[in-house]
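2 protein chains.
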Amino acid sequence: MRLKTLFTLLSLTGLLLTACKSNKQQDAMITANNTVLFPKGDKLTNGYFTGDAFLKPLLAKDANNDFAMGSVTFEPGARTNWHTHPKGQVLVVTEGQGWYQEKGKPAQVIKKGDVINIPENTEHWHGASAGSIMSHIAITNYKGEENVVWLKPVTAEEYNVVNKK
Amino acid sequence: MRLKTLFTLLSLTGLLLTACKSNKQQDAMITANNTVLFPKGDKLTNGYFTGDAFLKPLLAKDANNDFAMGSVTFEPGARTNWHTHPKGQVLVVTEGQGWYQEKGKPAQVIKKGDVINIPENTEHWHGASAGSIMSHIAITNYKGEENVVWLKPVTAEEYNVVNKK
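Heads up: the protein sequence lines correspond to chains R and F, in order. Here this note's numbering is used: position 57 in the first sequence is 57, and no number is missing along the way. Here this note's numbering is used: position 164 in the second sequence is 164, and no number is missing along the way.
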């Protein structure tokens, strides 16, 4: 009877270890497919962001492309200043969830897979939500040599109102 | 002694079950983050693709954006015809692995995270590799109302040479 218990112990342990190994293999497979699209890039220190935001440049304006393209990653709570684009900007959210708000309008939730077509000369901000990172590709059109006009920071009060909803 | 074995059995089982549960929870978390960036969209039936390719339109040309943007998904083996763009095109590979080849040059492997800046009036093709899907965002600039000139299919012979390397 004691021997039987030991066999039970051994076979149960074996079964459970197999199950765990299988889970670990699945983890490895899923993790391999789950690499982020772009590296985070370098921390933005230009004074136009609140919190920790990072830029990975992807493409510079050239003879064919009248836009610059980069991937911006916002840590939870991080956001741009209020700003405008003289010829608009397109955002493609690639990770996480955040906010896009035009001045005087309610903030919109933006999340992985969303495309936001920002009109010209429209005061707005974008960034992560308080509880999630958010990464987006930004395709920023040029009007001559200018593609952005930076304004005041989004205050903690303005940001908290949006995140309390 | 037999009781001790039973306790060992129970505590070991408990520990292993905890470990397994933890793995399952991780799986669920990873799977939740592992959604594809865009839906596949509709199968392309315009005759300019070989194999199964799908288009999810993302943005139409408008007053600010002098380009169209879409996500194209190629099943393994699928590819565009040879073609040119009068004002170039930018590809952002978002899933899998494939090929980009300019006429008369060796094919380049392209994979998730790569950005390809295709020059104007340059004959080329792109598509999945034989053993992997490939999805890319295509940002296609306009010259007037034209953004692509379609040419002949990439033959099985041309495609197989590339995939045998």
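Treat each hint with caution, since some may be false.
Here are the simulated distance ranges between beta carbons [to be verified]: (1) R:D52 x F:E146: 19 to 29 Å; (2) F:N160 x R:G41: 34 to 44 Å; (3) F:E102 x R:K103: 18 to 28 Å; (4) F:G144 x R:T35: 48 to 58 Å; (5) R:Q108 x F:G131: 37 to 47 Å; (6) F:G144 x R:N117: 46 to 56 Å; (7) R:G144 x F:L151: 28 to 38 Å; (8) F:V149 x R:V149: 30 to 40 Å; (9) R:E123 x F:E146: 13 to 23 Å; (10) R:S132 x F:P57: 40 to 50 Å.
Taking lysine-lysine pairs in the BS3-like style, the calculated list, with each CA pair at most 27 Å apart, reads [unchecked claim]: (11) R:K43 x F:K43; (12) R:K112 x F:K43; (13) F:K165 x F:K143; (14) F:K111 x R:K61; (15) R:K111 x F:K105; (16) R:K111 x F:K56; (17) R:K61 x F:K43; (18) R:K165 x F:K40; (19) F:K87 x R:K61; (20) F:K143 x R:K111; (21) F:K112 x R:K112; (22) R:K61 x F:K152; (23) R:K164 x R:K143; (24) R:K111 x F:K61; (25) R:K143 x F:K105; (26) F:K111 x R:K112; (27) F:K43 x R:K164; (28) F:K87 x F:K165; (29) F:K105 x R:K87; (30) F:K43 x R:K56; (31) F:K87 x R:K111; (32) F:K143 x R:K40; (33) F:K105 x R:K40; (34) F:K143 x R:K112; (35) F:K61 x R:K143; (36) F:K143 x R:K43.
Derived by calculation from the structure, the hints in this document are not laboratory data. Where a beta carbon is used, it is the ideal one built from N, C-alpha and C, also for glycine.
Checked hints:
1. About 43 Å separates the C-beta atoms of D52 (chain R) and E146 (chain F), a value inconsistent with the hinted range of 19 to 29 Å.
2. Take N160 (chain F) and G41 (chain R): their Cβ atoms lie about 38 Å apart, and the range 34 to 44 Å holds.
3. Look at E102 (chain F) against K103 (chain R): about 45 Å separates their beta carbons, and that is not inside 18 to 28 Å.
4. Checked against the hint of 48 to 58 Å, the pair G144 (chain F) and T35 (chain R) fails, with Cβ atoms roughly 39 Å apart.
5. The hint said 37 to 47 Å for the Cβ distance between Q108 (chain R) and G131 (chain F), and at roughly 40 Å that hint holds.
6. For the pair G144 (chain F) and N117 (chain R), the beta carbons lie near 22 Å from each other, so the given range of 46 to 56 Å is not met.
7. Between G144 (chain R) and L151 (chain F) the beta carbon distance is about 36 Å. The supplied range of 28 to 38 Å therefore holds.
8. For V149 (chain F) and V149 (chain R), the hinted distance range of 30 to 40 Å is satisfied, since their beta carbons lie about 38 Å from each other.
9. For the pair E123 (chain R) and E146 (chain F), the supplied restraint of 13 to 23 Å is violated, since their beta-carbon distance comes to about 35 Å.
10. The beta-carbon spacing between S132 (chain R) and P57 (chain F), approximately 27 Å, falls outside the hinted interval of 40 to 50 Å.
11. Simply put, K43 (chain R) and K43 (chain F) have alpha-carbon atoms about 40 Å apart, too far for the 27 Å limit, and the pair is violated.
12. Pair hint K112 (chain R) plus K43 (chain F) holds up; C-alpha atoms about 23 Å apart against a cutoff of 27 Å.
13. The straight-line distance between the Cα atoms of K165 (chain F) and K143 (chain F) is roughly 36 Å, outside the 27 Å bound, and the hint therefore fails.
14. Proximity of K111 (chain F) to K61 (chain R) is assessed by CA-CA distance (about 23 Å); at most 27 Å being required, the pair is judged to hold.
15. Distance hint between K111 (chain R) and K105 (chain F) is unfulfilled; the C-alpha atoms sit about 39 Å from each other, more than 27 Å.
16. Among the hinted pairs, K111 (chain R) with K56 (chain F) is consistent with the structure: their alpha-carbon atoms are about 17 Å apart, no more than 27 Å.
17. Between K61 (chain R) and K43 (chain F) the alpha-carbon distance is near 32 Å, which puts this suggested pair outside the 27 Å criterion.
18. Taking the CA atoms of K165 (chain R) and K40 (chain F), the gap is near 32 Å; set against the 27 Å cutoff, the hint is violated.
19. Using a Cα cut-off of 27 Å, the hinted pair K87 (chain F) and K61 (chain R) holds, with the two alpha carbons roughly 13 Å apart.
20. At most 27 Å may separate the alpha-carbon atoms for a hinted pair to count; K143 (chain F) and K111 (chain R) exceed this at roughly 32 Å.
21. A distance of roughly 16 Å separates the Cα atoms of K112 (chain F) and K112 (chain R); the hinted pair therefore holds under the 27 Å criterion.
22. The hinted pair formed by K61 (chain R) and K152 (chain F) fails the criterion: a straight-line CA distance of about 31 Å is larger than 27 Å.
23. Restraint check: the Cα-Cα separation between K164 (chain R) and K143 (chain R) comes to about 37 Å, which exceeds 27 Å; the hinted pair is violated.
24. Distance check on the hinted pair: K111 (chain R) and K61 (chain F) sit about 23 Å apart at the alpha-carbon level, within 27 Å; holds.
25. A distance of roughly 36 Å separates the Cα atoms of K143 (chain R) and K105 (chain F); the hinted pair therefore is violated under the 27 Å criterion.
26. About 20 Å separates the Cα atoms of K111 (chain F) and K112 (chain R), which keeps this hinted pair within 27 Å; it holds.
27. Taking the CA atoms of K43 (chain F) and K164 (chain R), the gap is about 42 Å. The hint is violated against a cut of 27 Å.
28. The straight-line distance between the Cα atoms of K87 (chain F) and K165 (chain F) is roughly 31 Å, outside the 27 Å bound, and the hint therefore fails.
29. Distance hint between K105 (chain F) and K87 (chain R) is unfulfilled; the C-alpha atoms sit about 37 Å from each other, more than 27 Å.
30. A hinted pair counts as satisfied when its Cα atoms are at most 27 Å apart, and K43 (chain F) with K56 (chain R) does not qualify at roughly 32 Å.
31. Taking the CA atoms of K87 (chain F) and K111 (chain R), the gap is near 31 Å; set against the 27 Å cutoff, the hint is violated.
32. About 34 Å separates the Cα atoms of K143 (chain F) and K40 (chain R), which puts this hinted pair outside 27 Å; it is violated.
33. Only pairs whose Cα atoms come within 27 Å are accepted, and K105 (chain F) paired with K40 (chain R) is rejected, the gap being roughly 32 Å.
34. Note on K143 (chain F) and K112 (chain R): the hinted pairing is violated, with a Cα-Cα distance of about 31 Å set against a maximum of 27 Å.
35. The straight-line distance between the Cα atoms of K61 (chain F) and K143 (chain R) is roughly 16 Å, inside the 27 Å bound, and the hint therefore holds.
36. Proximity of K143 (chain F) to K43 (chain R) is assessed by CA-CA distance (about 36 Å); at most 27 Å being required, the pair is judged violated.
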